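Chains as they are written, first to last, in the numbering used here: chain V, -2 to 58; chain A, -2 to 58; chain L, -2 to 58; chain G, 157 to 539; chain H, 157 to 539; chain P, 157 to 539.
Treat each hint with caution, since some may be false.
[What the hints assert, rightly or not] Pairs of lysine-lysine, DSSO-like flavour, derived with a Cα cap of 27 Å:
1. K24(V) <-> K367(G)
2. K357(G) <-> K24(V)
3. K196(H) <-> K367(P)
[What the hints assert, rightly or not] Computed far set for chain A versus chain G, every beta-carbon distance over 10 Å:
4. L2
5. T3
6. I4
7. M9
8. G17
9. A22
Think of the hints as simulated: they come from the structure by calculation, not from any bench.
None of the values given here were measured: they were computed from a predicted structure.
Note that CB positions come from ideal geometry on N, CA and C, so glycine has one too.
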Amino acid sequence: MQTGLTITLIGMTTVFIMLGLMISAVKLLTVIFSRKNSEKLKNKEDKDIAIALAALKSVLG
Amino acid sequence: MQTGLTITLIGMTTVFIMLGLMISAVKLLTVIFSRKNSEKLKNKEDKDIAIALAALKSVLG
Amino acid sequence: MQTGLTITLIGMTTVFIMLGLMISAVKLLTVIFSRKNSEKLKNKEDKDIAIALAALKSVLG
Amino acid sequence: MIFLTAIENFWISTGIMNLDIKTLIMIGISFILLYLAISKNFEPLLLIPIGFGGLLANIPIAGIAGADGFIGIIYGFGIESGLFPLFIFIGVGAMTDFGPLIANPKMFFLGAAAQFGIFFTLIGAMFLGSLSMFDFNLYDAASIGIIGGADGPTAIFLASRFSERYLGAIAVAAYSYMALVPIIQPPIMKLLTSKKERQIKMVQLSEVSKKEKILFPLIVLSITILLLPTATPLIGCLMFGNLLRESGVTDRLSKAAQNELINLVTIMLGLSVGSKLQADKFLNPETLAILLLGLIAFSIGTASGVFLAKFMNIFMKKNPLNPLIGAAGVSAVPMAARIVNKVGQDADPENYLLMHAMGPNVAGVIGSAVAAGVLLAIVPVLA
Amino acid sequence: MIFLTAIENFWISTGIMNLDIKTLIMIGISFILLYLAISKNFEPLLLIPIGFGGLLANIPIAGIAGADGFIGIIYGFGIESGLFPLFIFIGVGAMTDFGPLIANPKMFFLGAAAQFGIFFTLIGAMFLGSLSMFDFNLYDAASIGIIGGADGPTAIFLASRFSERYLGAIAVAAYSYMALVPIIQPPIMKLLTSKKERQIKMVQLSEVSKKEKILFPLIVLSITILLLPTATPLIGCLMFGNLLRESGVTDRLSKAAQNELINLVTIMLGLSVGSKLQADKFLNPETLAILLLGLIAFSIGTASGVFLAKFMNIFMKKNPLNPLIGAAGVSAVPMAARIVNKVGQDADPENYLLMHAMGPNVAGVIGSAVAAGVLLAIVPVLA
Amino acid sequence: MIFLTAIENFWISTGIMNLDIKTLIMIGISFILLYLAISKNFEPLLLIPIGFGGLLANIPIAGIAGADGFIGIIYGFGIESGLFPLFIFIGVGAMTDFGPLIANPKMFFLGAAAQFGIFFTLIGAMFLGSLSMFDFNLYDAASIGIIGGADGPTAIFLASRFSERYLGAIAVAAYSYMALVPIIQPPIMKLLTSKKERQIKMVQLSEVSKKEKILFPLIVLSITILLLPTATPLIGCLMFGNLLRESGVTDRLSKAAQNELINLVTIMLGLSVGSKLQADKFLNPETLAILLLGLIAFSIGTASGVFLAKFMNIFMKKNPLNPLIGAAGVSAVPMAARIVNKVGQDADPENYLLMHAMGPNVAGVIGSAVAAGVLLAIVPVLA
Ligand code: NA
Ligand code: NA
Ligand code: NA
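Please model the entire structure based on the sequences and the hints provided.
Spelled out as structure tokens, the structure:
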């Protein structure tokens, strides 16, 4: 019984601490990135990939 | 020689008995299901699957 | 040092001999086949495959 | 003479001469699983391989689930080693959009609360184990509790480490209850909420940027590394798959994880798990207890999620949660979220809760993996 | 000094210095297999990997087929264990529509009759084994006989259990004759039938319901469990794949079995089988005998199928069978059925036998797996 | 009491209590690899799995890269055995069109010349190994040299045989420099050529017949069998994949090799290679030396290719080569060929060198596999 309660207490505490930390981290993330133009990176990358793929395609047939 | 004939006899007998049983079983099956409307089940299932898939699609993107 | 030079000498010689042989073989190949109508084989094969596939499709559903 | 000897030997090696009643019952149970999967659409992707594996494993003479039998070999390769559930998690990660959770990270709490079913059931299994009629040690109790996590791969991973002897029953319980979500959860959800609560509409989720989605798996894994290394195989594989998905530069690999990898491993994992449905391992009072405890775990998990959602509403007067979404915290992705949506629409046909329920739903996957990590860390110390 | 030592060591490890005449012959045979596969379209999906595996296995020094060589490792993993042929059978089951057989179950008898080639050849191999020049024991004879089953995976599965030393020759014979169906079968079929018989048109097959297709694999497996447990690995995998196909709720897995699984395993199985084409194992009188016996097995199987169809017609005056379809009972799916169709159309261009021949064709797969099960059960008793 | 014991045991098993500075550095390096892969598009298909594998392998307590950890198991199965790089080569062979090389076989020489970087670096590594601060024996030196081959699978294959302890550093160096081709090669190419040379336009390549393409892999393998059996696992797998592609009768298998096989193996190989990024094996002066030597190998290889192209022009007055294409001889397919094209167009926007550069590019793959074969043959003799 004591063992079971110990596991439950440590278990639920850990689950809440860890998922709570994940909340904080994600909120921080949102604050950092919500101001920036997140589209910029994407467009640049898409172009790079398109170039690489086109080359690969033309080359590997 | 005796061994070979023994194997052949047991082998062919078993093959015919088993495949014969399969014939009987399949015929029985046909008798059971040929009267029923086998489309009913299918339609119901298709709908269930369609719902599940649509949900999954909308959710897992 | 001697070991390194030995490996380099044997290595580069082997690479050049082998890739050189590949050149000769490919050139020979080109000479042999450039005169022949290489399309003939292809068409024949395509047809064979098409037949096999059509049968398979019709059969395996 | 030789002919009579041969025919006698042949006859005593037929199934008819070697099937005992227990084996026949297990074959019957395997057929029931196949029936439920095909006719009732109960998690068919898992229950058809599991049911068929059970069928094959119970064939006398053939020894298909034995050390040299083909399913026995696959079992050793993929389940004993822990590889198959982890590969499935790579695929699940590649299939999961954590966007709804990133958009509303408070949902993590609901995914945490629903894990209470795991620990409650662990205590229940320990209690039963203290009775002389059930043979459950602490390792078994932990593995039974994890059924409440409503995550097949997590349950199989933990049971393969802690309680191989009950792995069959645990996996069957886990997948069966995941399939029964539409039957088990709604009564509990309705019992614990008023119609008015079920009608609560939640505010639209905001867009999530690509960078957030890329960083999310790395952050979740980093926190797990810092606090709970024993959970990192599960969380690590889930987040690896998710990074393949979200990075935007590994589409080939993401698609391979979502298709080839998860499909091939599902076939093999299902057959392997099914091979644990052997008469002498399955037909005992413990299996019944596991099925009962699993049901309790599931129900308590569902209730805990709903309760926490109601509790959180005390502090969220302005934009309250619909407490139904707490039930999705058990995971059972995406079925539990769909059920939340359905129960919500029963109360108000205009109430669309699906996306809101996906947050706790995917948080529940992380939550159970964390719970499994805790058990992996402390059970060996306390046993 | 060191340079001279190195160059000498290098030179004595070249292929030129290590190729003996037998190895060169085997490399030549491998090239012939590749040629037949590519130019003559002889079962290329198997014969290209087998031919290439033979090529690689015969390279001196490299040890590719040795215990630590890469094909040696694959061989141990997939052939010795029996996994690869069984995986192929899962894929074949997922690709096979048993509808034509369910619609006309009498066709099972033709799939049974064609197995006579197996047992006839077994006796022949035993006779050769009794001569001092051929080293065939009862296990070898059974494995050679199974070539007559015209099913690659079944032949490989049985040979890997009974006669690993002749596995290469047996597999090559099995796939070669399957490729040679268009050459081997028509003369036998025409010899044993009159033109009038070949012109017989058969009645349209009836529709088969979905439920029948779902229950079919379970029924076939159940009968096998009751009577012949030793055949259940083969039949079980075939029927598992077929249930994935027909259940209607596991399309993902069915497609994975039909594509990823069967393609990847075909590559690996082909290379592994090819690695048995090593000079010291292949260049001996036994290989020639196996090739000859395999041809006999195939021919007798074809003839037995046709004979039984003619015999059945005695009792089926009203709707007689076209006896050609008996030839499809050897399996070699779907090539043998195609050939039936072709020979039928040679006699009457309006005669479409393809669907009718598919019944015995797929019954032949079950028939040979049953025959293999019988051999697995009684050969160890009698040897 | 039990609670305090449990909590203490739990606390001392957290990552926080077990992370040392070296492990943190390695985790940081893993994150940098992920960053470069995602943000800079540096060989992401390999560097994301490698980076993530590095992350997972450095987690304390979890033991993911240990003998019983899941990546440890995969590593043993696929890298120690040599299977994974060979499977990748089957896929690469199925993806490679050797047409441009067949159309202009002289390009083989450029693929040969670029291998000089391998041997130059081997000597450099031996020199460093003779200093007391670096622990490089002849096996290590050979494995480091092969980085100059600019072929990941070849480098991993050789290192797994000769120098497992440095496999992580060697693989990371190989893939990093392949990703850095656009930065490393252009300055060298421009330094060694005049603008006029870079403007040279090459004559259109002729069509290559199907038969030539089918015979090509068989011829290349045959020559390798005759002279260098130790190179046949690599060359054999490459040519097997290519034959599946070109035969025209094994499309199913070719597509499986190009997709399922290469994608699944890439995931597993990347994680496995990344698991070698463990602090105690990576954070030492040897790693820095390997990174530096790898860069030298790459640069020398590039230069050798360009030099040979210039030398060949002495004999090819009429249709001179653009010496830039020599740089593509290092392989790093197809990035190096793309860079040749780009540098050529910088000199003359109308100059399309891509197809011309593909010849030396694919020849470079064969060239490095041959070089690896030489090392496999003579290093054990000389060590
Ligand atoms: Na969960
Ligand atoms: Na057959
Ligand atoms: Na190279």
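*Mind checking the alpha carbons of K24(V) and K367(G) for me, to see if they're no more than 27 Å apart?*
13 Å, holds
_Outside-interface status for T3(A) - nearest CB in chain G farther than 10 Å_ = Not fine: 5 Å to the nearest Cβ puts T3(A) too close to chain G.
*Just checking, G17(A) versus chain G, shortest CB gap more than 10 Å?*
16 Å, holds
*Take a quick look at L2(A) and tell me if its Cβ sits farther than 10 Å from every Cβ on chain G, holds or violated.*
For L2(A), whose nearest Cβ neighbour in chain G is about 8 Å away, the distance does not exceed 10 Å, so it is violated.
_Check on I4(A) being off the interface with chain G, judged by Cβ distance over 10 Å_ = The assertion about I4(A) is violated, with a minimum of 8 Å to chain G.
_Closest CB of chain G to the CB of A22(A) still more than 10 Å away_ = 15 Å, holds
*Claimed clearance of chain G by M9(A), with the beta carbon kept past 10 Å*: 13 Å, holds
*Could you grab the alpha-carbon distance between K196(H) and K367(P) and see if it respects the 27 Å cut-off?*
Roughly 14 Å separates the two Cα atoms, so the pair holds.
*Please work out if K357(G) and K24(V) have their alpha carbons no farther apart than 27 Å.*
Between K357(G) and K24(V) the Cα gap is close to 23 Å, so the pair holds against 27 Å.
Going through the hint list in order, the structure does not satisfy hints 4, 5, 6.
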